[in-house]
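Protein chains: 4
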Amino acid sequence: MTTDDAATAHGHAGHGYLPEKDKFIRRLKLIEGQARGLQRMVDEEAYCIDILTQVSAMTKALESVGLGLLHEHMNHCVVEAARESDAAAEAKVDEAMKAITRLVKS
Amino acid sequence: MTTDDAATAHGHAGHGYLPEKDKFIRRLKLIEGQARGLQRMVDEEAYCIDILTQVSAMTKALESVGLGLLHEHMNHCVVEAARESDAAAEAKVDEAMKAITRLVKS
Amino acid sequence: MTTDDAATAHGHAGHGYLPEKDKFIRRLKLIEGQARGLQRMVDEEAYCIDILTQVSAMTKALESVGLGLLHEHMNHCVVEAARESDAAAEAKVDEAMKAITRLVKS
Amino acid sequence: MTTDDAATAHGHAGHGYLPEKDKFIRRLKLIEGQARGLQRMVDEEAYCIDILTQVSAMTKALESVGLGLLHEHMNHCVVEAARESDAAAEAKVDEAMKAITRLVKS
Chain A
16 MTTDDAATAH GHAGHGYLPE KDKFIRRLKL IEGQARGLQR MVDEEAYCID
66 ILTQVSAMTK ALESVGLGLL HEHMNHCVVE AARESDAAAE AKVDEAMKAI
116 TRLVKS
Chain B
16 MTTDDAATAH GHAGHGYLPE KDKFIRRLKL IEGQARGLQR MVDEEAYCID
66 ILTQVSAMTK ALESVGLGLL HEHMNHCVVE AARESDAAAE AKVDEAMKAI
116 TRLVKS
Chain C
16 MTTDDAATAH GHAGHGYLPE KDKFIRRLKL IEGQARGLQR MVDEEAYCID
66 ILTQVSAMTK ALESVGLGLL HEHMNHCVVE AARESDAAAE AKVDEAMKAI
116 TRLVKS
Chain D
16 MTTDDAATAH GHAGHGYLPE KDKFIRRLKL IEGQARGLQR MVDEEAYCID
66 ILTQVSAMTK ALESVGLGLL HEHMNHCVVE AARESDAAAE AKVDEAMKAI
116 TRLVKS
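Residue numbers (my numbering), protein chains in the order written: chain A, 16 to 121; chain B, 16 to 121; chain C, 16 to 121; chain D, 16 to 121.
You can trust all of the hints, since none of them are fake.
Note that the list lumps identical chains together, so a pair holds whenever it fits in one copy or between two copies.
Taking lysine to aspartate or glutamate and the EDC-like style, the derived pairs with C-alpha atoms no more than 20 Å apart in a straight line are:
(1) 75 x 47
(2) 36 x 87
(3) 120 x 78
(4) 113 x 78
(5) 113 x 87
The hints are simulated quantities; they were obtained by calculation from the structure and are not laboratory data.
Work out the full structure: start from the sequences and follow the hints.
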């Protein structure tokens, strides 16, 4: 789905994160590398606590990508929906709150 | 560091997770795949909330690997230290509590 | 600060949670009761794990009050700011994201 | 249940937190006060974000009481069970892991 399809699919000028697309992909590549690093630690039988330290570091990196995406979404998609109509605003806020609740509870 | 080195480095019969080593590596491989999947979603300009749903799913998978490793560590390394001496028990519990605090706060 | 002052202080028709004000106070009263219940458990020397179970239950109750307040804030204060100006929208989203980050990291 | 009953109920020399009992009660009293403070903020129609800041502060205070209780439990109840038998150790670790999982997920 390219920027145009993405835009029309959600009825606005493209998702909030698109200007930062490459940055998010780079950060996710680093997280992918952390996952491989953890596999190596387990394979090389590293000490449990040292692996757990890396698990927490990777969780924080993932959390910050999530919060970054949410911030862009709020700044663009939620603000645009607010300007569109009460119904659009309420639907977009409900949707965002479900995502925020998942982030808080994960 | 092989099982023997790992054992001597921490003065006991090998880390708790070693019997489950392959399972942990498989789960971490799946998590690595989730990281690649997220990169694809961003690259294909998926809708923000759909990406956030996957971020939360990956966070939960990572959390459960962390809790699994901790459980093995408690069952083996902490129990062994408890049987060794008061000082060894206290040091191992302090170390485990630091890891637990990081898991709770990440 | 009454509803009117609250409204003028934040330049809009009152905070989002005001229609649900009594519900939030009732829920916070229950949480206050849980805090007293925990004191009783410690005073009566209840088993550690039983106390920890109540700590987690109280944490969840508090988290859900936080998410409820956030939802009302997003539905009213953030939507109103979005309709006011780009600058108002951005400031309100930034402020909300700081609160969301605290909720995710606590 | 007094210290003796608590001890016999769990087959050991009393719960880990007993030497710190008063400290935990004091901290829980502060948390009770925070709950009342939140009720006042809602009643006085404080700004949503200011209330959310206090909700996060109270959540952190509660979390740290939970981690403190867990630390005492691990240092005493888990270590004692480890010295008792393999079965006692495994049961106590399983029980602790369930409590840790609740803390991580709340």
